[in-house]
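Please arrange chain X on chain Z, whose structure you already have, making use of the hints.
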Amino acid sequence: MSITYLEAIREAQSKALADDPNVFIYGQDIGAFGGAFKATKGLYEKFPDRVRDAPISEDAMIGAAVGAAIEGMRPIIEMQFADFSSVAFNQIVNQAATHYWRTGIPCPITVRLPSGGTPGSGPFHSQCMETIYAHYPGTVVMTPATVEDAYSMLLDAVAIDDPVLFCEHKFLYYHLKADALPKRALPPGRARIARSGRHATVVTYSAMVHEALRAAESLQADGYEIEVVDLRCVKPLDMDTVLGSVARTGRVLALGEAFPWGGVTAEVISRVASEGFHLLDAAPARLNARDTPIPYHPDLWRFHRPTASSVESAIRNLIRD
Amino acid sequence: MADLATQTVDSDLNLSHAFPEAFRWMVLARTFEDKIASIYRSGKIVGGVYVGRGQEAFSVALTSPLRPGHDVYSPLIRDMAGRAAFGEPLLEAARSYMGSALSASIGRDGNVHRGNPKEGIPTMISHLGAMISVVAGMLLARRLKGTLGDAVGATCIGDGATSTGAVHEALNMASVEKLPLILAIANNQFAYSTPTSSQFACADLVDRASAYGIEGISVDGTDLADCLRGFAEATRRARSGGGPQIVVGKLLRLAGHGEHDDATYVPETMRCSEIGQDCLLKARQHMLTEGWASEADCADIEKQATLAVEKAIATAGSEETPDPYAHDWNALSSEAFRNQEDAP
Chain Z
1 MSITYLEAIR
11 EAQSKALADD
21 PNVFIYGQDI
31 GAFGGAFKAT
41 KGLYEKFPDR
51 VRDAPISEDA
61 MIGAAVGAAI
71 EGMRPIIEMQ
81 FADFSSVAFN
91 QIVNQAATHY
101 WRTGIPCPIT
111 VRLPSGGTPG
121 SGPFHSQCME
131 TIYAHYPGTV
141 VMTPATVEDA
151 YSMLLDAVAI
161 DDPVLFCEHK
171 FLYYHLKADA
181 LPKRALPPGR
191 ARIARSGRHA
201 TVVTYSAMVH
211 EALRAAESLQ
221 ADGYEIEVVD
231 LRCVKPLDMD
241 TVLGSVARTG
251 RVLALGEAFP
261 WGGVTAEVIS
271 RVASEGFHLL
281 DAAPARLNAR
291 DTPIPYHPDL
301 WRFHRPTASS
311 VESAIRNLIR
321 D
Chain X
1001 MADLATQTVD
1011 SDLNLSHAFP
1021 EAFRWMVLAR
1031 TFEDKIASIY
1041 RSGKIVGGVY
1051 VGRGQEAFSV
1061 ALTSPLRPGH
1071 DVYSPLIRDM
1081 AGRAAFGEPL
1091 LEAARSYMGS
1101 ALSASIGRDG
1111 NVHRGNPKEG
1121 IPTMISHLGA
1131 MISVVAGMLL
1141 ARRLKGTLGD
1151 AVGATCIGDG
1161 ATSTGAVHEA
1171 LNMASVEKLP
1181 LILAIANNQF
1191 AYSTPTSSQF
1201 ACADLVDRAS
1211 AYGIEGISVD
1221 GTDLADCLRG
1231 FAEATRRARS
1241 GGGPQIVVGK
1251 LLRLAGHGEH
1261 DDATYVPETM
1271 RCSEIGQDCL
1281 LKARQHMLTE
1291 GWASEADCAD
1301 IEKQATLAVE
1311 KAIATAGSEE
1321 TPDPYAHDWN
1331 ALSSEAFRNQ
1341 EDAP
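Listed in order, the protein sequences are those of chains Z and X.
Heads up: the first sequence begins at 1 in the working numbering, then just goes up one per residue.
Heads up: the second sequence begins at 1001 in the working numbering, then just goes up one per residue.
Looking at chain Z on its own, in the form it has when it is part of the complex (with noise of 0.2 Å):
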């Protein structure tokens, strides 16, 4: 049996719903039609009072998601694209994301947001959010990098009673594949090191874990370590083991699919820099998209976006120094 990630988020869900009479889908098109990406195809014949069609109306589903989730249940909102999640980016920071502060009650929603770049994508359906989501108070904002994760972070956020940013990444929807689903998984907010060395770090999350390890693979051959540690979440910042990596390899870059300015690279770069100034040998290095809108033709987007080739250039550079 084989399972892709897009395979992991469906089975999630399922057994989210199957689990819990309080959990409930609502998203455009995801009933009958399955979803956009088809990330829920054939809950609804299973749950049809649960897996519910919303209009185009993102700033109401997360309104309607936090007014269920004080009544007590544990809505999935789907956004069709991360990108147009703006819409509702008043009631995610302001409403979702301030509640429990503002009244103790916990507000347990869970927004699905298909993320990132696919060739031909173009520049409002290739969004990473990630760090937008990150800056306010009161989110935990997750970016799954492998089937597995995919699969047991989607159940963590779901039983998690705060706001949950899911950035699920579609260029992973359909070709990453697993054999099995997971027994056990790391507890949310852990990183994990996807891949050991000794001569630098890579820390990074969701797709761009797979453009690092291929990196490593290439800067193998020239007998170069390269330790990966994928984030997982990205809020919380798992610095323990970044930092733990750090002091092996003495050299880290941050990589990152976002766009440049401020995010999470530069949160990570920021954080090694004043907590583990003593163990670099090199000044650190990021590594993100172009500061442009998301370019359309795919060979710009190739451009656009890191790449092994890239990841591996900056490597070279971080050995080099």
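Hint data in this document are derived by calculation from the structure and do not stem from the laboratory.
Model, not experiment: these values are computed from the prediction.
In silico lysine-lysine, DSSO-like type, Cα no more than 27 Å apart, as pairs:
no., chain 1, residue 1, chain 2, residue 2
1, X, K1145, Z, K15
2, X, K1145, Z, K41
3, Z, K46, Z, K177
4, Z, K46, X, K1178
5, Z, K46, Z, K183
Then chain X, alone, in the frame of chain Z:
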């Protein structure tokens, strides 16, 4: 759209009971907010003070047919009268303004940002129109859980908020889901300083109801009896499966947007017009005319309100204020994530 003056109203409204009850809450709200405004001007309340002067009749009438503990009510900034009538303890209101550590938000938010979500009273955010979908979600949740019964959800906005996308999205969604949601739209003629002529171009906000496939009622917001009749009917329709309702009240805010605002942008002719009438004075006169209260009874209601307000504010003002050193600075409730994200 329906004009109640020209149609039979089939609700169980007993005006001789509901009106005096509502009047008491109006008196209490006005007395409380006058006092709060006075304390604000003395510099002892920081931040903003936003009062419902002139909107008490419309505010209280929304909650009059509601059942606390059964229905959902999401008040907005000019809803002191509705909050009191829906059962909010006066001390809670006083604590919120006075910054008591015992306030529901333990000093994390203040003034009108107070509620009791577990009792069906969500806590408003400042972004206008954002609470309507929250109320819709509460009703949807109850329907999914099979606990909705004949409960309804009610909330309020002003003329300015009707221009937001959030209102459109939420009303449309509530209508698609046929939720028992009542939206009170207080057309108080100004959104801060912006007149309705710069806010919307339709003849009357109630005309928008048909665009959502819902029912709308217009009331005279200065007239408590008319407000009570309008909301009684809207609530009856919502309770009996009629889907969302809007009730538009025409009135004038008899105060600034906040107490920092002298509202000089309101033309004198408007102040002196029909909509500029004080709903509280009108209601008081109606009490006397109908024989529901004597002058002495009204004076007693006002005196009792003053005593209650003095007591609540004195109590709240003597309570501890939040201690930043002992404060819980966690924005997440999950135990596993606490004390992780404080600034390095």
